[in-house]
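These protein sequence lines are chains V and C, in that order. Per the numbering used here, the very first residue in the first sequence carries number 1; after that it's consecutive. Per the numbering used here, the very first residue in the second sequence carries number 1001; after that it's consecutive.
Please note that a few of the clues may not be correct.
Each pair of labels, with its calculated beta carbon distance range [what the hints assert, rightly or not]:
1) R1207/C x R207/V: 49 to 59 Å
2) K119/V x R1207/C: 42 to 52 Å
3) K212/V x R1164/C: 46 to 56 Å
4) K211/V x E1189/C: 25 to 35 Å
5) D141/V x E1290/C: 50 to 60 Å
Treat the hints as calculated values from the structure; they're not laboratory data. These figures come from a predicted structure and were not determined experimentally. All C-beta atoms in this analysis are idealised placements derived from N, C-alpha and C, irrespective of residue type, glycine included.
Protein chains: 2
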Amino acid sequence: MTKHALAIDVGGTKIYNTIVNEKGEIIAEVEKHSTPKTFNEIKALFEEIISKYERQVDVIAFATCGAVNNSNDGILGSTGNIAKGYPSMDFKSLSKKRVFVENDANAAAWAEHIIGASKGMPYSVVLTLGTGVGGGIILDDKLYKGKNGAAGEMHFKMRTDKHRKCTCGSYDCFEAYASGTGLKKTAAEISGDSEITTYDVIENKDRPLMKKILETWQNDILEGIIGLANIFDPDCVVLSGSMAEFVDIEYLEAQANKEIVTTPFKVVKASAGNYSGMIGAALLALGVKESG
Amino acid sequence: MTKHALAIDVGGTKIYNTIVNEKGEIIAEVEKHSTPKTFNEIKALFEEIISKYERQVDVIAFATCGAVNNSNDGILGSTGNIAKGYPSMDFKSLSKKRVFVENDANAAAWAEHIIGASKGMPYSVVLTLGTGVGGGIILDDKLYKGKNGAAGEMHFKMRTDKHRKCTCGSYDCFEAYASGTGLKKTAAEISGDSEITTYDVIENKDRPLMKKILETWQNDILEGIIGLANIFDPDCVVLSGSMAEFVDIEYLEAQANKEIVTTPFKVVKASAGNYSGMIGAALLALGVKESG
């Protein structure tokens, strides 16, 4: 019989839930909630969602902000913009069914690997370009987590002169340049207008100034991709997230392949859809691996 | 009975050979040769070494410059400063015994993992700081090679404004800053003296100018280590090679751990010795894995 997961995506702003089957198909309505401000309210929301659906599923699969440990049951350290106590959530205690937790970007990377853009490719790096930048690394058809589970943080440096503060507390990380927030900062630096928005840039992208801003932002993404390709010798780099719409994927692939010292690789857009975090968490929780 | 490998280290300047046992011990004299200028002369030297020693050993283990394929029998693409035809060497045909080939930095990383500084640690990144920078990545107690074997190239960017040309043809790679050559270039930039040598800097390291140069160079190494720790969540980063003598390892470990978003890790100096390339290639060829 086909197995199912109750998938719950936990972000700093929104929490989503739905039911996903072993094929990675969403087979119920996707419900959307604003993320509550306190630990207790978040826990109460989880309990409400779980009590409503747990009888229909085999496992509860969380895709969450924050780094998740290697036993897939807890969060390591702190997470950005969500209630301070959230990382201490005891996920296992939320249901009598099995509960599985994975980082959202890692889960999204797994969805791309099983049903999306990196299907059939054993080695891939997924970059989720949104307000921030998430990363998920698949090596030898397995999700790479490192010694404690925190791997895949795209906080490598783009310059070394402490020019731009990063959300992580350090300076000049890839996230601080390649993200939507990074584009806004690059736009402010180039235009001299501190009020400029990413919307202004994208809506007016044929104007020379905006074109220059977008090219600078895209070049930073290119430089990051080159570094990752030289480190991993991957089959592909997948660009995911809302900001991935605004890059020239063919250019990135062609240019990166000219500059690497490793072997030719692809740069592709994500194709597992908006709910790839929930789909990937469900597929991981259900133990679905590459079939080919 | 204890097995042995004839280990041959092939660099652009020197070729070494010796015999290594399963414990990673060098049990014969280390012979040293200048690297011949042509493919045919290099091949003749290999044949001479192999015919002299192959009867005493179980396998021939090469640690070579250049990326080595995943079947460990050939070189991928081109390699820097060695005879142009060298990458097409048919290593298997050199002996009736089994021939095993691995990249020198990968081999050195394996030696550190089995008998050196990263023994007992499943996840490590080895940076070999010499004239250039080599890299070797151990993940889950296995040498990480990527889809074709070329992984571990430490050519990620330190800046994005095409400031300093790298040996790889691109600009501003970690190698172009963290290497001995990088230190010389940093020294020239800071001092304004294009003739300055790394020797000048190191011999006069208590003078404020030289101190500033060394600190700038070391800071670039730090920034690279931070990025790698955020990507891999490793147990440790091992610094190897002649230039590793000139960094403050305790400072690097303390400062990097303050800036990462992943979990605490060590920064340690290599301890497998000058011949870690030959030792690691031998241990890989003999199939020696982590015992604990």
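Comparing the hints with the structure gives:
| no. | hint | verdict |
| --- | --- | --- |
| 1 | R1207/C x R207/V: 49 to 59 Å | 51 Å, holds |
| 2 | K119/V x R1207/C: 42 to 52 Å | 58 Å, violated |
| 3 | K212/V x R1164/C: 46 to 56 Å | 23 Å, violated |
| 4 | K211/V x E1189/C: 25 to 35 Å | 32 Å, holds |
| 5 | D141/V x E1290/C: 50 to 60 Å | 22 Å, violated |
The structure is inconsistent with the numbered hints 2, 3, 5, although it conforms to all the rest.
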